[in-house]
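Chain by chain, the residues run as shown.
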Amino acid sequence: MVLKAFFPTCCASADSGLLVGRWVPEQSSAVVLAVVHFPFIPIQVKELLAQVQQASQVGVTVLGTWCHRRQEPEESLGHFLEGLGAIFSHKPWFQLCRERGSKSWSCKATHWQGPTSHAASGEDQVMLIFYDQRKVLLSQLHPPAVLPDRQAGDTTASAGGLAAVFDTVARSEALFQSDRFDEGPVRLSHWQSEGVEASILVELAKWAAGPVCLLLACLLSLVSAASACRVFKLWPLSFIWSKLSTCEQLRHRLEQLTLIFSTRKAKNPAQLMRKANMLVSVLLDVALGLMLLSWLHRKDLIGQLADALIPVADHVAEELQHLLQWLMGAPAGLKMNRALDQVLGRFFLYHIHLWISYIHLMSPFIERILWHVGLSACLGLTVALSILSDIIALLTFHIYCFYVYGARLYCLKIHGLSSLWRLFRGKKWNVLRQRVDSCSYDLDQLFIGTLLFTILVFLLPTTALYYLVFTLLRLLVVTVQGLIHLLVDLINSLPLYSLGLRLCRPYRLAAGVKFRVLEHETGRPLRLLMQINPLPYSRVVHTYRLPTCGCHPKHSWGSLCRKLFFGELIYPWRQRGDKQD
Amino acid sequence: MEDEQSFSDICGGRLALQRRCYSPSCLEFCLSCPRITLRSLTAVTCTVWLAAYGLFTLCENSMILSAAIFITLLGLLGYLHFVKIDHETLLIIDSLGIQMTSSYASGKESTTFIEMGEVKDVVINEAIYMQKVIYYLCILLKDPVEPHGISQVVPLFQGGRRQDHLCIQQKVSLGDGGILASSGRQKVKDTFNFFNLMFSG
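Going line by line, the protein sequences match chains A and B. The first sequence: position 349 = 349 (UniProt numbering), numbered continuously. The second sequence: position 191 = 191 (UniProt numbering), numbered continuously.
Watch out, some of these pointers could steer you wrong.
Said to hold, decoys possible - Derived BS3-like pairs: lysine-lysine, alpha-carbon spacing no greater than 27 Å straight-line:
hint : chain 1 : residue 1 : chain 2 : residue 2
1    : B       : 132       : A       : 514
2    : A       : 206       : A       : 265
3    : A       : 275       : A       : 265
4    : A       : 233       : A       : 243
5    : B       : 84        : B       : 108
6    : A       : 267       : A       : 243
7    : B       : 108       : A       : 514
8    : A       : 275       : A       : 206
9    : B       : 142       : A       : 514
10   : B       : 108       : A       : 135
Stated by the list, open to error - Estimated spans, in silico, between C-beta atoms of each pair:
hint : chain 1 : residue 1 : chain 2 : residue 2 : range
11   : B       : 51        : A       : 418       : 50 to 60 Å
12   : B       : 150       : A       : 41        : 48 to 58 Å
13   : A       : 536       : B       : 155       : 11 to 21 Å
14   : A       : 418       : B       : 146       : 46 to 56 Å
15   : B       : 51        : A       : 347       : 32 to 42 Å
16   : B       : 106       : A       : 194       : 36 to 46 Å
Source of the hints: derived by calculation from the structure; they are not laboratory data. This structure is a prediction, so every number in the text was calculated from the model and none was measured. Glycine included, each C-beta is placed from N, C-alpha and C at the ideal position.
Only chain B is shown next, with the shape it has when bound in the complex:
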């Protein structure tokens, strides 16, 4: 069972949200980010090399040119390995936990699994980014020492604050973007249902 929706991120790029339902107790959301384009890659490389060539004509030192090549290569490698996220997956398994996976463009995957017992709540947070207010989903984790405290706030889909449109839509349909999943004994069920409701459109 699959369905796909498309949204736009903060900068206006296209995002595709895929929803997969493996069984009644297991949901997966996959957010694919826009791929790196040849145009932007060429533009950045040309800028760096032209700047290096300008410096070279001034100083007449060929070290600058080789340094520019190395900087471009290392920068590209670092960007692909640490910054550019290809797609992000959120796997929600009822009564077990929430798993977040970010796949980078170089193939690196980083996974975090949060057990359901640690989840205190799932909320939509507001934040100020540049000149506007954005909304993002985040998970509040329980403090093991103090039962009512929050030990950590884990933002979801953080590969670039890119689900604001997605959340705005949901905010309208779910009312005020406050605490959505109710607390209490039924929370585990509710967290799961929350995601089910949230992305069903």
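Just chain A, same shape as in the assembly:
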């Protein structure tokens, strides 16, 4: 098997010294983590490695020697480096060497048979793989290679393949803590040996985060305690809360904020990412809401809206009246049952009359209501959109009522017709066995059944027409509400932080690695450059999508059409979920 040596690119210009890293025997690969420089005392190096091993639970050892020849080759150094193999025994012992020209490297892996018999050593073929230590340290592989035994607390590295390399680099952070300005006994060269990477802002934010989170968590717990008060759980109120999408959205936001400001630390990177995504989503939502608010207030749009609302409602009602009058005549040249047509039409007309008077009763308060509703936009755009959806639902309540009446009548007729059709064929529905049985009817029963069937059949077109027209109107309203809910769900669920990370720091979210063959000379070991393959955007969205409060449509188009045909009531998405509970 070919030996693989993973070598950090930052160490390529380091002075000669010892290679420190981890040997993975299953894959016969050596992960070099740092270079220890001369002069050093072997005992102190061993002590340092033992400390790192204890802190990181990674078997860090001395793997071999590193020789960087800047001037002409020195014979004495070569012998000295070979002699080091006797002090730090490791199988195989790597001897990595870089010549003066930057492109010629040599690498030897020797299996020492014993400390004295140098002649009996065997050499293996070695492949050099360069990796960017910083990127590998910070990147996160997808899907995470976490095996069940590691979650249980077993901290020895158990990830397979290249995940082992990522894991090793990520866990030996203790080795990278010292830079070259430290007065330690051992001088190391690694990715942050020029100075430890840190930011004052990040440190300040870390200090401030604790108290701020505590304060906000207290406030949030007060709010949630108030909302859980028993007064709100009484029958009519709880029913109303469950039907209003604004309440759903507010509850969802409260849950999110509680999770964000909880003082418990995130257990794994996925949870941390989820928290960050939520925070960014809430911030963006509030920012959009504030923009909407300022836009509404700058041009006094609320007043204009309130002025326009009543005429629009009047206009809608007028159009509906025209529609009903058209239906009461001979719509599209159809001849309806005149008596039933008149009854239904008058009933609906009376309803519209009621509705208009109700709207006019409310008209003096509408501007004030809208102003307060506009203020809620500072809670976020999603809340404002949910309120808009609720207002649409309230203003089109008459359409909903017509739809329900029409659907109920139609449903009744369809059911009556289907059972009478069974009677026609000499069958009946057996409720106990849940099947259709044959049955012998009397003459009287058959006569009455046939009579009723005929009446129902002739009255069906009138009812069906009313049902059709009002269902179409209802579907229009449901579509508008559905679109608003889609927008709300989009804002709620989009993982903006992950997307930003993918855009600005593509190596942070890794789908895997890719290799590039570096310039090759015959007789020298093969050199590969390992780069990080970023996660595609579609998978970022798929992996980190936030859960939404809205229930997704549970019906296929087929079942929706079936429901419409049989006159069962359909609801917009949110209420549909409640209904099924």
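Mind docking chain B on chain A? Use the hints.
The following block gives chain B in isolation, referenced to the frame of chain A:
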């Protein structure tokens, strides 16, 4: 160490297969696809624009003409960026893995790396395309949960089922196109050797 062979794809276009051997443990195959020709580009553009002009004379709405220009431009961009593959590279590194790179005509590169530990087998598959049977190479990936199962089938050189002739030749020389790389302990070595043997001609 390089050698080049040429094959023809399903539609009869010429394909060039380059084999590069960096070291005994690292092989690279590069399949270059035919480039986009000026003739076909002109033909498609002219067809779209003539159709748009025909519609324009019927409806007398100049929106159609501008729409045709946009459709042509966007279609060309999309074709170059997402469909037209310039060359495909297969890099096989012994005991490390198999890397597949597709370079699109716009310069976009998409890379997939499969570790040797995940490879269960390399097989030649048969598929029915239009009215004929074609053969293509694919890699079977191990299922991490079930050791004997196959989690995924990854076709190689899929930038247009274009290596049928290549595989047919090999099928004749390697016998029945069934499972070629044997399973078992020596498989890693065998997968590498398989590619070495397969394309050596």
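Verification of the hints:
1. Of the supplied pair hints, the one linking residue 132(B) and residue 514(A) is violated, its CA atoms being roughly 36 Å apart against a limit of 27 Å.
2. Simply put, residue 206(A) and residue 265(A) have alpha-carbon atoms about 12 Å apart, close enough for the 27 Å limit, and the pair holds.
3. For the hint linking residue 275(A) to residue 265(A), the alpha-carbon distance of about 10 Å falls within 27 Å, and the restraint holds.
4. Restraint check for residue 233(A) and residue 243(A): the C-alpha separation of about 14 Å stays at or below 27 Å, so the hint holds.
5. Simply put, residue 84(B) and residue 108(B) have alpha-carbon atoms about 10 Å apart, close enough for the 27 Å limit, and the pair holds.
6. Annotation: proposed proximity of residue 267(A) to residue 243(A) is violated, straight-line Cα distance about 36 Å (limit 27 Å).
7. Only pairs whose Cα atoms come within 27 Å are accepted, and residue 108(B) paired with residue 514(A) is accepted, the gap being roughly 15 Å.
8. The suggested pairing of residue 275(A) with residue 206(A) holds, with an alpha-carbon distance near 15 Å, which does not exceed 27 Å.
9. Restraint check: the Cα-Cα separation between residue 142(B) and residue 514(A) comes to about 20 Å, which is no more than 27 Å; the hinted pair holds.
10. Restraint check for residue 108(B) and residue 135(A): the C-alpha separation of about 22 Å stays at or below 27 Å, so the hint holds.
11. One distance hint, 50 to 60 Å for the beta-carbon pair residue 51(B) and residue 418(A), holds here, with the actual separation near 52 Å.
12. Between residue 150(B) and residue 41(A) the CB atoms are about 55 Å apart, so this pair conforms to the stated range of 48 to 58 Å.
13. Checked against the hint of 11 to 21 Å, the pair residue 536(A) and residue 155(B) passes, with Cβ atoms roughly 19 Å apart.
14. The given range of 46 to 56 Å is respected by residue 418(A) and residue 146(B), whose C-beta atoms sit roughly 50 Å from each other.
15. As the Cβ distance of residue 51(B) to residue 347(A) is approximately 55 Å, the hint placing it in 32 to 42 Å is violated.
16. Separated by about 38 Å at the C-beta atoms, residue 106(B) and residue 194(A) satisfy the suggested range of 36 to 46 Å.
Violated hints, listed in ascending order, are 1, 6, 15; each of the other numbered hints is respected by the structure.
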